[in-house]
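Trainee: Line order of the protein sequences matches chains S and R.
For the first sequence, position 52 matches number 52 in our numbering, and the numbering has no gaps at all.
For the second sequence, position 355 matches number 1355 in our numbering, and the numbering has no gaps at all.
Where hints are given, some of them may not hold.
Quick list of in silico lysine-lysine cross-link-like pairs, DSS-like style, CA-CA up to 30 Å [stated by the list, open to error]:
id, chain 1, residue 1, chain 2, residue 2
1, R, K1330, R, K1271
2, S, K25, R, K1026
3, R, K1271, R, K1284
4, R, K1101, S, K25
Distance ranges between label pairs, derived from CB positions [claimed, not checked]:
id, chain 1, residue 1, chain 2, residue 2, range
5, R, L1201, S, T85, 31 to 37 Å
6, S, G54, R, L1104, 55 to 61 Å
7, R, L1030, S, G54, 30 to 36 Å
A partial selection of chain R residues facing chain S, derived with a Cβ cut-off under 8 Å [unchecked claim]:
id, residue
8, S1011
9, Q1091
10, G1254
11, F1255
The hints are simulated quantities; they were obtained by calculation from the structure and are not laboratory data.
All C-beta atoms in this analysis are idealised placements derived from N, C-alpha and C, irrespective of residue type, glycine included.
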Amino acid sequence: MFEESELIALLITVGVSFFLLATRKIIITLPSYQFLLVSFGFYLASKVCTVLEGFFWETALNSLEHICAILSCAVFFWWCLRLGTDKESGR
Amino acid sequence: MNPIVGLNTVSVFFILLSFGILLVWKLQKLIPTDLFLPAVLFLFLGLLGHISNLLEWSGTAPFIDRYGDLADILQPILFAVFVYTMIHHRQREQIVASEAKYRLLVDNQSDLITKLDAKGNFLFVSPSYCRLFGKYEKDLFGRPFLEEVLPEDRTRIRQEMDILYLPPYTCRFRHSAQTKYGLRVLSWSYRALLDEKGKPLAIVGIGRDITDQVQAEQEREKMLQRLEAKNRELQSLVYISSHDLQSPLVNIRGFTGELKTTCEQVKNVLKECGQYERIEPLLKDVEQSLYFIDSGAEKMQTLIDGLLKLSRIGSMELTVQTVHMNGLMKSIIEGLRFQIQKSGCEIIVDNLPPCYSDLYQVNQVFTNLLDNAVKFLDPSRPGKIHVTGQERNGVCEYRVIDNGIGIAPEHHEKIFEIFHRLNPDGPVKGIGLGLAIVRRILDKLDGTIRVISEDGRGAEFIVTLPAVPAS
Chain S
1 MFEESELIAL
11 LITVGVSFFL
21 LATRKIIITL
31 PSYQFLLVSF
41 GFYLASKVCT
51 VLEGFFWETA
61 LNSLEHICAI
71 LSCAVFFWWC
81 LRLGTDKESG
91 R
Chain R
1001 MNPIVGLNTV
1011 SVFFILLSFG
1021 ILLVWKLQKL
1031 IPTDLFLPAV
1041 LFLFLGLLGH
1051 ISNLLEWSGT
1061 APFIDRYGDL
1071 ADILQPILFA
1081 VFVYTMIHHR
1091 QREQIVASEA
1101 KYRLLVDNQS
1111 DLITKLDAKG
1121 NFLFVSPSYC
1131 RLFGKYEKDL
1141 FGRPFLEEVL
1151 PEDRTRIRQE
1161 MDILYLPPYT
1171 CRFRHSAQTK
1181 YGLRVLSWSY
1191 RALLDEKGKP
1201 LAIVGIGRDI
1211 TDQVQAEQER
1221 EKMLQRLEAK
1231 NRELQSLVYI
1241 SSHDLQSPLV
1251 NIRGFTGELK
1261 TTCEQVKNVL
1271 KECGQYERIE
1281 PLLKDVEQSL
1291 YFIDSGAEKM
1301 QTLIDGLLKL
1311 SRIGSMELTV
1321 QTVHMNGLMK
1331 SIIEGLRFQI
1341 QKSGCEIIVD
1351 NLPPCYSDLY
1361 QVNQVFTNLL
1371 DNAVKFLDPS
1381 RPGKIHVTGQ
1391 ERNGVCEYRV
1401 IDNGIGIAPE
1411 HHEKIFEIFH
1421 RLNPDGPVKG
1431 IGLGLAIVRR
1441 ILDKLDGTIR
1451 VISEDGRGAE
1461 FIVTLPAVPA
1471 S
């Protein structure tokens, strides 16, 4: 069974997704915004897996949750790297 | 090792790398503090979540799981805050860039730019304004615009600016101002900025230093006045000289006639006395001299008449009316019937549009043109003169086309000069005043004249005159 905190975290993450959707016109002006959105996508996927693992395929979804978390962190790291170089190049 | 522990360790590794990179960018001042802090907090919460997972698996600190749950909840919120901060930061950058762009335009503008409140006090002045007046923006801020206007101009400018409160909420004026570079004349164009209710909130104005232009205008005006005075003087000189020369000339011609009569009488007396043969050569000399005096005086009379005519054009009173050109042309041809018949030429007159001018002067213009066309026909071919006309854009254009001897292009302008004759020794007599009179009359009537011609190929004189107004 899932924990309450996991459900709350998922709901808040979905709420943030709507926020990103609403501000997409400005977000696309941010440097390397694609990486930031992909990172958030993986983060959202990990939260979904966390909740779903309480219902079925516990082991597989748990592994998927952690893989999504790694990918989210890795892409975020790449975005951080691009943030400085993009700024430097004046883009 | 448990695979979940391994996965979490990799995540922690990437989070620490991200943190390190952000720190480097911060130290290099590539990202601002307001962006750095939420990003670091976001990463910290991620780190806390993953560490809590690791510790949970190892079972060393079960209490930390509660903090891990809290971090999981707070992390997306921090992400939203972080993104919001970035958006805010980007918008601020765009505003700064936009302001810099407009600031660049305003700062490098040679025209003067001002913004006043509804009472006419300065809210903004461009650097060009400050440079001209040798003042700083802060000194002018809140001060009335009228303080920079010369006291004698202030009442007028205040009245001019009152117009800004009425549609179309714009005004233009010029005034003198004491600037760093002395007394200058400034020209302003002001526009009121209105609120939703249509009430003026502020006034923006663009000004330009037009001192040099005003000085040039004044110079031009003075020159024009002097030119007009000289012209009047010259006209009156020509008129007076021509007029005063008439009386001695009449005397010369009169007494020449007297002398001729006396000579005839002397000749008759000598013939009766039988002495004529002795004095005949002497009398012939006298008669020849009298002939030269008479013909010279006659030529002089023609010249004086022409000059008088020319000088009268400048001072003539015009009676502008609708001139029916068809009827006028008929009467001109009637007047020239003798010359036309003598030359044997054919004259074709198309239907001509009426013009709006002085009947007498237009008559003079076309009489001269037709007279010239008849005079300068080519004897080697049958003469043909065609008069045509049309109205276009408020102007009537008439053409007098002949197949005469033509005019070489280099003489096209000279023929309108006074006393200029193309062939002074030619068979056609004249003093070179006809076309000069035509041009002066047309100048007076707001008309124009030009010629299209080539030597030996006829000539086409194009005259324009104002058309009859539609109303």
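Trainee: Against each hint, give a clear statement of whether it holds in the structure.
Mentor: The hints, checked one at a time:
Proximity of R:K1330 to R:K1271 is assessed by CA-CA distance (about 55 Å); at most 30 Å being required, the pair is judged violated. Distance check on the hinted pair: S:K25 and R:K1026 sit about 26 Å apart at the alpha-carbon level, within 30 Å; holds. In summary, the hint linking R:K1271 to R:K1284 is supported, as the alpha carbons are separated by about 14 Å, within the 30 Å threshold. At most 30 Å may separate the alpha-carbon atoms for a hinted pair to count; R:K1101 and S:K25 meet this at roughly 23 Å.
In this structure the hint that R:L1201 and S:T85 lie 31 to 37 Å apart at CB is violated, the actual value being about 46 Å. Checked against the hint of 55 to 61 Å, the C-beta distance between S:G54 and R:L1104 comes to roughly 60 Å, which is consistent with it. The hinted window of 30 to 36 Å between R:L1030 and S:G54 is violated, with their beta carbons roughly 42 Å apart. Hint status for R:S1011 relative to chain S: holds, with the closest Cβ pair at about 5 Å, below 8 Å.
The restraint placing R:Q1091 at the interface with chain S holds, with a minimum CB-CB distance near 7 Å, inside the 8 Å limit. For R:G1254, the interface hint is violated, since its Cβ never comes within 8 Å of a Cβ in chain S; the closest pair sits about 101 Å apart. The beta carbon of R:F1255 is not positioned within 8 Å of any beta carbon in chain S (closest approach about 103 Å), and the interface hint is therefore violated.
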